[in-house]
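Colleague: Spelled out, the chains give:
Number of protein chains: 2
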Amino acid sequence: MSETITISVDAMGGDNAPRAPLHGAKLLLREHPDARFIFHGREEVLTPLLEEFSELKPVSQVRHSENVITMDDKPSQALRKGRGTSSMWAAIQSVKDGEADVAISGGNTGALMAMATFCLRTMEGISRPAISAIWPTLRSDIVVLDVGATIGADAQQLVDFSILGAALARALFDIESPTIGLLNVGVEEAKGNEWVKDAGKILAETSGAGFTYKGFVEGDDLGKGTVDVVVTEGFTGNIALKTAEGTARQVGTYLRNAMTSSLMSKIGALFARQALGAIRSKMDPRTVNGGVFLGLNGVVIKSHGGTDEIGYKSALSVAYEMARNDLLAKIGEGMKRFPALALPAEPSNLEAPSA
Amino acid sequence: MSETITISVDAMGGDNAPRAPLHGAKLLLREHPDARFIFHGREEVLTPLLEEFSELKPVSQVRHSENVITMDDKPSQALRKGRGTSSMWAAIQSVKDGEADVAISGGNTGALMAMATFCLRTMEGISRPAISAIWPTLRSDIVVLDVGATIGADAQQLVDFSILGAALARALFDIESPTIGLLNVGVEEAKGNEWVKDAGKILAETSGAGFTYKGFVEGDDLGKGTVDVVVTEGFTGNIALKTAEGTARQVGTYLRNAMTSSLMSKIGALFARQALGAIRSKMDPRTVNGGVFLGLNGVVIKSHGGTDEIGYKSALSVAYEMARNDLLAKIGEGMKRFPALALPAEPSNLEAPSA
Chain R
3 MSETITISVD
13 AMGGDNAPRA
23 PLHGAKLLLR
33 EHPDARFIFH
43 GREEVLTPLL
53 EEFSELKPVS
63 QVRHSENVIT
73 MDDKPSQALR
83 KGRGTSSMWA
93 AIQSVKDGEA
103 DVAISGGNTG
113 ALMAMATFCL
123 RTMEGISRPA
133 ISAIWPTLRS
143 DIVVLDVGAT
153 IGADAQQLVD
163 FSILGAALAR
173 ALFDIESPTI
183 GLLNVGVEEA
193 KGNEWVKDAG
203 KILAETSGAG
213 FTYKGFVEGD
223 DLGKGTVDVV
233 VTEGFTGNIA
243 LKTAEGTARQ
253 VGTYLRNAMT
263 SSLMSKIGAL
273 FARQALGAIR
283 SKMDPRTVNG
293 GVFLGLNGVV
303 IKSHGGTDEI
313 GYKSALSVAY
323 EMARNDLLAK
333 IGEGMKRFPA
343 LALPAEPSNL
353 EAPSA
Chain E
3 MSETITISVD
13 AMGGDNAPRA
23 PLHGAKLLLR
33 EHPDARFIFH
43 GREEVLTPLL
53 EEFSELKPVS
63 QVRHSENVIT
73 MDDKPSQALR
83 KGRGTSSMWA
93 AIQSVKDGEA
103 DVAISGGNTG
113 ALMAMATFCL
123 RTMEGISRPA
133 ISAIWPTLRS
143 DIVVLDVGAT
153 IGADAQQLVD
163 FSILGAALAR
173 ALFDIESPTI
183 GLLNVGVEEA
193 KGNEWVKDAG
203 KILAETSGAG
213 FTYKGFVEGD
223 DLGKGTVDVV
233 VTEGFTGNIA
243 LKTAEGTARQ
253 VGTYLRNAMT
263 SSLMSKIGAL
273 FARQALGAIR
283 SKMDPRTVNG
293 GVFLGLNGVV
303 IKSHGGTDEI
313 GYKSALSVAY
323 EMARNDLLAK
333 IGEGMKRFPA
343 LALPAEPSNL
353 EAPSA
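Protein chains in written order, with our numbering: chain R, 3 to 357; chain E, 3 to 357.
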């Protein structure tokens, strides 16, 4: 890794592209002057737009891509249509070629995962990739995975996810031995699916080698921040993530309605303006933007597609931190600590992810 | 059903039993003077306690049970130990014998489900029971099932849950054709597990026969109240429920901390006292207490074990409404509308539920 951090940006992905990703990059640059950017997309759009962001221009390159992957493209279609020719593919290719430290896109998640898996391949010993969310809790941020890369998982995949999640927690939070919990419907050993129970047994036996296994956790442990890393399969993880986002919005709406319901409450809201503003920014989904693709030979970050420059700046910050803290090396170290768990590499699974 | 509604209460189940269930019953009676109670448990405890609740005494009977099922009893142990002799079993037996319209317990969920299934048996055409939550949303309350009775489900079970959920919505909300959504990781047809996709096809074909199938919904549709009934398998449903509860508590804590963080915010909180109180009661988990067991030949309600008299009163209200609105008959009607779906009855599944 060079002194600077180069971020490869799919500048055409997401509802507000390409303006929002470029604007987000400008905001990141103010915080991290050592950031560099490669923007992939239609040159006739990007080059004039970059003129508007004069600070960005000296640290950025524009790379022309003919195609743009849309939100409606199925992963398999996207691969056929966009391999080699789309801004999404090119953003990932820059990481593979070593000219960028990390790639980011606000485009179609399924297509991005399919392309990232096809282009970068899964790491040796990891059979399926995962998407990890960085989840705000009452204690501190935690890592939750998988939130939608892989639908269905067996015990070995959950163990893989644990290793990946622990490495991410080490890279992000600088914790030597992150605590890990398996998401389940109860904390007793007899609870849950067979694959969760089996994964629990393997993790209990290997606890101590770079992580501390704390057993099963339940849905409400997410908000409490009971453990540093919560591991689950992608279907459940995706639903838990969106349920939490939806509930936060629901309570936020209750609060807004209540504080504007009467003259007295409006006066109260005036006095408490600063406190209410602090809650609002704490609950702002834009500040927790950035899903980390784990298990590939390269780091790819997924931004929400509908976000603005603030959201992109958050996702770009995650990308920057992943590269600066050398996530891939930390995962590699993590894998080495588990010789028993590192299975022989399977052929990369090219089946289109469903999320 | 008689003019009065008789509720059979496992008076020994839950952390605050037997005082909390009796106190809750007293609160219910004030709202519904036509409620009657059979309290099951240790007579030497219940009879003197009932003296303290003088309003309750004339409308209540005490039935002695020797055993109490504990929170640590596994479902299979509970069945062996408590069949016929425990307050939990006796509460259910009263429904089977027709002397009560509905049963309620705050005890061990897995044991309660095992006993209810063993004693009441599943309805003809339904292979597995479900637990349904009544979920507060931005629009109105909705029905969400299964939240933990059955771990794993096939397409037919999700269709069964849809019929049961629609009947519950009709009984609770007086909607003729409730809208139904299947919980998934995306709204496109290609998303999700095979069993969710297959269930979606069956529901799309039969939509109109007592419910309106709206397709897939995502985790954030729960809080929005996009549909009247959200159907999912028990592992995911349980995790979604607890994630939502945890997130609501998390945001509540943010709010409390913010409103006490400075003199100005404290003054604001004073002015907005009424508004903040309204939110607090809206988010009070005690007011949404009461899981409904569906798919059995009798109605059983599960109360949270750790709740107090306010929580018991909520769960008893759900029990009362279920009986008053004749939930079982409504489910029966719902089943008749789906002759194609009503499979031949399988032998009751006595496998211990995991939740």
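Certain hints may be false.
[Stated by the list, open to error] The calculated lysine to aspartate or glutamate pairs, modelled on EDC-like cross-linking and capped at a C-alpha distance of 20 Å, are:
| id | chain 1 | residue 1 | chain 2 | residue 2 |
| --- | --- | --- | --- | --- |
| 1 | R | LYS199 | E | ASP74 |
| 2 | R | LYS284 | E | GLU247 |
| 3 | E | LYS76 | R | GLU196 |
| 4 | E | LYS226 | R | GLU247 |
| 5 | R | LYS338 | R | GLU53 |
| 6 | R | LYS226 | E | ASP74 |
| 7 | E | LYS216 | E | ASP176 |
| 8 | R | LYS226 | E | ASP176 |
| 9 | E | LYS76 | R | GLU323 |
Hints in this document: simulated from the structure, not taken from any laboratory.
Colleague: Please write out, lowest number first, the hints stated earlier that are contradicted by the structure.
Modeller: Per hint list: 5, 6, 8, 9 violated.
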